[in-house]
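Once you have looked at the hints, place chain B on chain A.
Line by line, the protein sequences give chains A and B. For the first sequence, position 15 matches number 17 in the numbering used here, and the numbering has no gaps at all. For the second sequence, position 106 matches number 108 in the numbering used here, and the numbering has no gaps at all.
These are calculated hints, taken from the structure and not from any lab test. Since this is a predicted model, take the numbers as computed values, not measurements. Treat the hints with care, since some could be wrong.
Claimed, not checked - In silico DMTMM-like pairs for lysine to aspartate or glutamate, Cα to Cα no more than 25 Å straight-line:
#1 B:K98 to A:E164
#2 B:K257 to B:D152
#3 A:K106 to B:D113
#4 B:K121 to A:E112
There are 2 protein chains.
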Amino acid sequence: MQIIKSLRKMQLVSNQLRNKGYSIGFVPTMGALHEGHLSLMRKARQENDKVIVSIFVNPTQFGPKEDFKKYPRDFKTDARLCLKEKVDIIFYPSIKAMYPEGYKTYVEVEDLSDVLCGKFRRGHFRGVTTVVTKLFNLVWPNIAYFGQKDAQQAVIIKKMVEDLNIPVKIKVMPTIREKDGLAMSSRNKYLNSQERKKATILYKALRLAKNLINQGEDNPLKIKQKMYHLLKQEKLARVQYIEIVDLKDLRPLKKIIKKNTLIALAVFIGKTRLIDNLVI
Amino acid sequence: MQIIKSLRKMQLVSNQLRNKGYSIGFVPTMGALHEGHLSLMRKARQENDKVIVSIFVNPTQFGPKEDFKKYPRDFKTDARLCLKEKVDIIFYPSIKAMYPEGYKTYVEVEDLSDVLCGKFRRGHFRGVTTVVTKLFNLVWPNIAYFGQKDAQQAVIIKKMVEDLNIPVKIKVMPTIREKDGLAMSSRNKYLNSQERKKATILYKALRLAKNLINQGEDNPLKIKQKMYHLLKQEKLARVQYIEIVDLKDLRPLKKIIKKNTLIALAVFIGKTRLIDNLVI
Chain A
3 MQIIKSLRKM QLVSNQLRNK GYSIGFVPTM GALHEGHLSL MRKARQENDK
53 VIVSIFVNPT QFGPKEDFKK YPRDFKTDAR LCLKEKVDII FYPSIKAMYP
103 EGYKTYVEVE DLSDVLCGKF RRGHFRGVTT VVTKLFNLVW PNIAYFGQKD
153 AQQAVIIKKM VEDLNIPVKI KVMPTIREKD GLAMSSRNKY LNSQERKKAT
203 ILYKALRLAK NLINQGEDNP LKIKQKMYHL LKQEKLARVQ YIEIVDLKDL
253 RPLKKIIKKN TLIALAVFIG KTRLIDNLVI
Chain B
3 MQIIKSLRKM QLVSNQLRNK GYSIGFVPTM GALHEGHLSL MRKARQENDK
53 VIVSIFVNPT QFGPKEDFKK YPRDFKTDAR LCLKEKVDII FYPSIKAMYP
103 EGYKTYVEVE DLSDVLCGKF RRGHFRGVTT VVTKLFNLVW PNIAYFGQKD
153 AQQAVIIKKM VEDLNIPVKI KVMPTIREKD GLAMSSRNKY LNSQERKKAT
203 ILYKALRLAK NLINQGEDNP LKIKQKMYHL LKQEKLARVQ YIEIVDLKDL
253 RPLKKIIKKN TLIALAVFIG KTRLIDNLVI
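Here chain A stands alone, though its shape is the one from the complex (with noise of 0.2 Å):
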């Protein structure tokens, strides 16, 4: 396995190998790895020739007030990740490469990321789809593979890709969770004992709204309602939003589909802020 930390090294490399006919799978992370990037891996190492993997904690995509110091770092450990799922290259570069002084130039999805954690997280999405295009561009690959955990950020993801004629496939797989069902996210880390048997309640949620619509609710605001009054129970939760709406376009839904219908919620367990969401 081989660490680039050079843009210029991986955009040189993935030239190479695209020269040589390998397929390059992608999988761009932030490290801190767990099950749901492995799952993304073994896809990714099932369905290309070269596997590389990047991470790099990109500061563009955290705001001023949010956790981009204290957001988990190990990059030991991830190698060792990587490594025994046979990656081929991880990429690693520096934030001085990847935003020189006197940077200026951002990649941004207009409507979708305003809506849902964009409402809250000003310019998070503008840093997620100016660093995925910069990746892009070093990386080269065939395909590249996301989480639907970050349901939001796929979707944006893939209106960029077909907006912008960017040659590459963009692969979404499913959310892996814990046993108890919490989602599984390198922000997980941020919570304590007690906190973490509690933030099973965001998925609880998300059952319960998967239930109403099986037993025939199709009232958007009632479920959001049942699903509040379910979090509101949990003293140490505080719902930042619950929305439902569609997963093409990110609207909010005035009565429930039967297909592609999004139901995603943000809440703060203690201090952490978790999402979630289910795709019905």
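What follows is chain B alone, placed relative to chain A:
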């Protein structure tokens, strides 16, 4: 010479050419081709195995009150000129294919897009950087050629390519002028015969500035004053801006530096807005 309208086909053909080891030189244009464009094609022809010219009047770089509708279009003549220059492929996409309904993604270079022409043409450079990103993803060139006549555009595209790590080399070629000094431009067609004669005033003002600098004048304000004075004497002319800036960051200079000084101006001749520049 092949004419390709489909985006998918363009991407496929480019991919095939690159896989065969051919280098691709690319000249993006809005058609209404003149000697300036042809000089770029000749350079591309010299330096690459394959030459691709795009012809696309890009709606996102025109303001609502600008000349998108009346912008000169003559595909037949353009195609004849391309054939003469031994162009391999004309890429001639439709607006609907480039910007389908629900299009949402834009690329923006901050700061550089808000000065000079950008101050008066809000959103113009965002349209340029967006379409150039799309065209690069469709044509996959090794080298792309732009004219120095659009100096700010060239600076912004170079910055975008650098920032987003786009694997394309940008070459900026000298402005081509009529015998009397007028910079070649598709918009010169808007001028009536009287206006056409008077339009040389832009280049005269630039020459004046150059002479002043050569004589040792190092105060940009004084140089601009003398340029304004000259331009005021022409009744058909109305100055939009005269700026003397650092070519690297487009910031106004307080004192003339010997290298990379960009003198740029935009002047209405009658109702036609013309731009020109010199780099000292």
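Which hint numbers does the structure go against, in order from smallest to largest? none
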